[in-house]
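Given next are the chains, with one letter for each unit.
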Amino acid sequence: MADFKDERAYNSKTLTKIFLWSSLVLLLCVIWMVWKDYNRPWKNYQRQFMQLQRSQAVDSAKEVVSDMDFAKFKQLHIDLKEANKDLDSHEKEISRLNDLSAKLDTQIFKVKTVDYQPLKAQLDADKYAYSEENKEGKDSDSLNKKIQAETDKANGYTQQLFDLSQQKAQAAKDLADIYAKRDEVTSNINKMMADFHLLKAKIDKNSFSFLFYFRNAMLLDFLAPTIQVQQVILKNLPEDLYFAKTMRVDRCMSCHQGIDKKGFENAPQPFRTHPHLELYVGPTSAHPMDKVGCTICHGGMGQAIDFTTCAHVPNDEEQAKLWKDKYGWEAPEGVQSTMLPLKYTEGSCLKCHGNQEFVNNAPKLDRGRELMVTRGCVGCHKVKNLEGLTKAGPSLIRVKGKLNQQFVEKWVWDPKSFNPAARMPSFFQQTNNSDEEGLAKTKAELHSIVQYLYEHSSGYSPNESAPAGSVANGKKVFKEIGCLACHGIDDVTSHHADFAPDLSGTGSKLSAAFVYTWIKNPRHFNPDTRMPVMRLTNQEAADVTAYLMSKRNKTFDEASAPQADAAVRDDLIQTYLKPLYGIDGAKTQMAAMDEKAREQFLGQKSLTKYGCFGCHMISGFETAQGIGTELSDWGTKQVSQLDFGTSEYEHTHEAFVNAKLENPRQFDKDKSVAFQDRLKMPNFRLSPEDREAIATAVLGLTKTYVPDDMIAGTHGNGVLLEKGRRVIANFNCRGCHLIEDQGGKIREMYEKENIDLSLAPPNLRKEGAKIQVEWFHDFLLGVHPIRPWLHIHMPSFHWTDEDISNVITYFNAKEDQVYPFKSMAADKLSAKDASQTKAMFDKLQCAKCHIIGNKIPADLSTAAPDLLQVHSRLKPDWVAVWLKNPDDLMPGVRMPSFWPQPDDKSPVPQYFHGNSQKQRELLRDYLFSLNSGKAN
Amino acid sequence: MHYILDAIDFVLQPWSYFLFSVIAFWAMIKYRETWTEPAFAVKLLWGAIGAIVFSMVYSDHFREIASLPDNVPIFLMVFSVGFFTWLSFRQGVLNDRRIAQGQPPIEKETSDKKVYVWPDLVYVEFIATIVGGIVLLVWSLCLHAPLEQAATPAWTPNPSKAPWYFLGLQEMLVYYDPWLAGVVYPTLILVGLMAIPYIDKNPKGAGYYTFNERKLAIIPFLFGFFILWVTLIFLGTFMRGPGWNFFGPYENWDPHKVVVLNNVNLSEYIWVRILGIGLPANFLIREMWGFLAVGAYLVALPPLLTKKIPLCQELLEKLGVARYGVLMFLFLSMASLPIKMVLRWLINLKYVIAIPEIFFNI
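Protein chains in written order, with this note's numbering: chain A, 158 to 1093; chain B, 831 to 1192.
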């Protein structure tokens, strides 16, 4: 052992040095590791939010203090002092009462624990022994006696206890009397300081005390930290991990601390309050945080608590840049669910509200869904909940009798050259079929399509020819009567509806006889049309016809239809025949066809190829299925399944749907694709706003598990509401009326042209509570004017019984009316009441505005509906409520509020002792007594 | 600069990559005297670093792939394999020179010196543990674990890659079915490595580095390790993209890339293309040529080789029939991979034996 030294391989001093330094570095690395684990952004956010809350509370406290009545505060303190002084003078009495109370306590304790309780235990034991002896048939008399004696004794103790506690209560009361004055003052001071104390507690809670630092210190924060991850667990809304469903856990509020708290509306992110607390997140809202959470609507990784890993997605480039600089954001990768950019969030409503015709609080989504139906997206693409609807385009079953062939060819070739606002999308002259081959082939296809349509069309001729009319008056009638609620026209710029075709250029399209017949009775041409009858006089109809016929598109008239080449057509036919018959067979097959058969063959194939029947009724295609991809869960389709072609877009759903809507054919660019395999989706020429709306509706189509009871419109009143809403959407009721406070789109024209809004179609708020069912039914079947001073007409729709029933049920269900939707009948007035009520009625000058039978008010500009209709039209329950405060039920209504709220002070105190409620009820009864026979 | 990158992408194909690897391997053996010189080795090291820096700077795609946290070990592997190969060759070359001059190997000079376990060995090991700990800590703190999203049956990640150390195996899947490439060959590799001490009776090279005395052991081993393992890992990492298609190291991974894959079975070659008759219905008859070929390769070839190649004759005499048989079986199994690769490239051979009816394809 002695000569170890010489045999060492290494110098041990050097080794020790290396050991020392490497150990130190390891220690540093361990500290680094612990620090990295400890130092998380969400913790800093929670600290910042504490500061924010604290400074807010401090401000409020300052405000409270400055608002405080110091004189009163001082006075209270002086009172307190005096009360205390007063107490001093009762010192002896107080100490006596306190002593007495203490003595009584001792006695009560003694009687209870020393005397009563042991005796009670013995008594219970004896009772048990007694029952045992009786069971065994032994003599139990002595025991019975003992029990009797014990019971008597126990009763004695109970009485004693009762007396003692009575004495004690008396002592306490005496004491309280002495203290009464001081207690009152103290409670007043506390009341005055309540707000301040609350704020003080809040300030203390959000202060960085030693305890705070201790509880949240590194390595100690496993004990009882105040800075914690916050989360909601949503058992009802599991996340689908493909092989298993797991609970959804949302931790967003770990950073978004102010999301459910009022008062942080202008705070910097991530602390801002939710912008719609009344609808979302708030505990009393329809979507409380603990039931719905965050990610079901916003998407993203709920469990993550870091800016990037929770998969934030920016609205646009600008925000992306901002986030990169501020949070070091990176585009999410390898995550289940990315957040929907904020501008598309409304799409998520579909997860639960997909059954609904409209969602109301999601205007962009509603617009997108409406466009998907009216523009015909759903004609080709199957979309859950948007199936079996009326086709977007006109029926072509009788096209031969409506349009000439030249027109149809030019129109389909380039719809916007006829009318820039045309809804018909452009199939031809697009980026992937405008090469020489594409143009030649599409012209051949177009020609054959039109040949097919005319061959399969049945004939039609209008049954009336149009009398001469005035263009100027026609223009006026067209604008005033309500055509603009559904149709657009280039003469009117203040409002452009796109529910029905834009009518600019009608003169270049239709014959006067057709237009005249159509206006008078649209169902003469198409029995299935939704176009209503406007009840025009013959002259009005002739004027409107003259006006529409004057709208011509000269350039379009003069243009010639595209010329198809028969050789190209035959080539195309070959491509269809070859797979079936081989090259030679295809030639023989085609040789057997004459010109007409060839046109029909290619026409039929091309209609199938472009899916025209998705929007139009076409003979021979009654049962054909849409040709587009199903979109029902497109939002959760894998991005890798989307073909971006050679484009440079970022590979996201948002980018794809936007690009596709802007130019549907662009992903064919740079590709070598045979003509018949090229992309076929037509260009809808949508505005950026409409594209965003449709993108919102499509991105919201996802495959997400939501329990049945959370899906709206499938249970209870929801089912009834949806049936009615579907009718309302199908007939565009909201083009004129405000329903559920949405729609009334034509009001835009009134607003922009400064026309009195009270001349606009009525708001149908609370209609179910207001209108009697029988009247409603009769009105919908046979519309007649209620407000004759309005220019705009309620049209006569061709509604089925089912439609009417659904609409009436809808309005009543909406107001929670109970089947059969009746109201209490109005009372009959006694003769005495009747005369007084009549006097009151006159005093209130009701007849100044309201029509009463043939008594028309002098000033028609402020006219109001006929009061003779009240008894048959309105529900009595509603009238009394209406009289109380019309403006509350219908904001902006012209009817004045005679009984000013909330005081409810009668304007006519001389009647019925000024009892407002009674006045209104009698007035109501009076109104219901009015009818054509007995009007006085 | 992109011309150079494009040219490299153009030149590199599976077959040319393999060819270049084999040439480099041959050069490594042949010019071992030259490249084991430290000065030359340093130039090689700089060359390798330069190539990587060049690729990182001029190719966004390469930089993106190379900087993925799960690809970091590849660079550790490349440099550590390079260094230790150099070290062993350097020692071997020096010893070979000494042996040629009649001197004992270098190791002889220190072999009678004692080194104590405590403190020398244990202390050094302990320090190594600490340093290793530091490296792992820093590594895990600086680079995030490359976790991916939850698995879904509806969508497979593309490319779907094994952990980096299995990429050599995954590359074999291109040429052989999973039961072979994923089960039989890995088992043979393990068993074969275990069997080496029992097959090898050569006492030379024990306790010291040498090349000349152990050529026969070193060359096949390094061929298997370098060409069939390490370079395939490199290829799998940088040159296999979406759809397991081959991409140049600087070529963008386009998931929609379309390549020609017209592979033909041996049975079809013989029955249809050579004999001009259809495939027999009975699969045993249909695949008889394949069975013959495989049988000849594994059973007839080893005895035949002893007749034709003196080296094999020598081996048989030295090792005895059993050892020779096992050695040849292992060697031929290993050789079957490059053979299949070459056949695939030359004649688009899909399977030698193809019986999809019972999932038996070779």
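These are calculated hints, taken from the structure and not from any lab test.
Mixed in with the good hints there might be a few duds.
[Stated by the list, open to error] Keeping only pairs whose Cα atoms sit at most 30 Å apart, straight-line, the calculated DSSO-like set for lysine-lysine is: (1) A:K837 to B:K1087; (2) A:K826 to A:K500; (3) B:K860 to A:K735; (4) A:K338 to A:K200; (5) A:K402 to B:K991; (6) A:K174 to B:K1087; (7) A:K600 to A:K362.
Results of checking the hints against the structure:
1. A:K837 to B:K1087: holds, 23 Å
2. A:K826 to A:K500: Distance of about 29 Å is within 30 Å: holds.
3. B:K860 to A:K735: This hinted pair is violated, its Cα atoms lying about 62 Å apart.
4. A:K338 to A:K200: The given pair, whose Cα atoms are some 50 Å apart, is violated under the 30 Å limit.
5. A:K402 to B:K991: With a Cα-Cα distance of about 26 Å, the restraint between A:K402 and B:K991 holds, given a limit of 30 Å.
6. A:K174 to B:K1087: Between A:K174 and B:K1087 the Cα gap is close to 58 Å, so the pair fails against 30 Å, i.e. violated.
7. A:K600 to A:K362: violated, 77 Å
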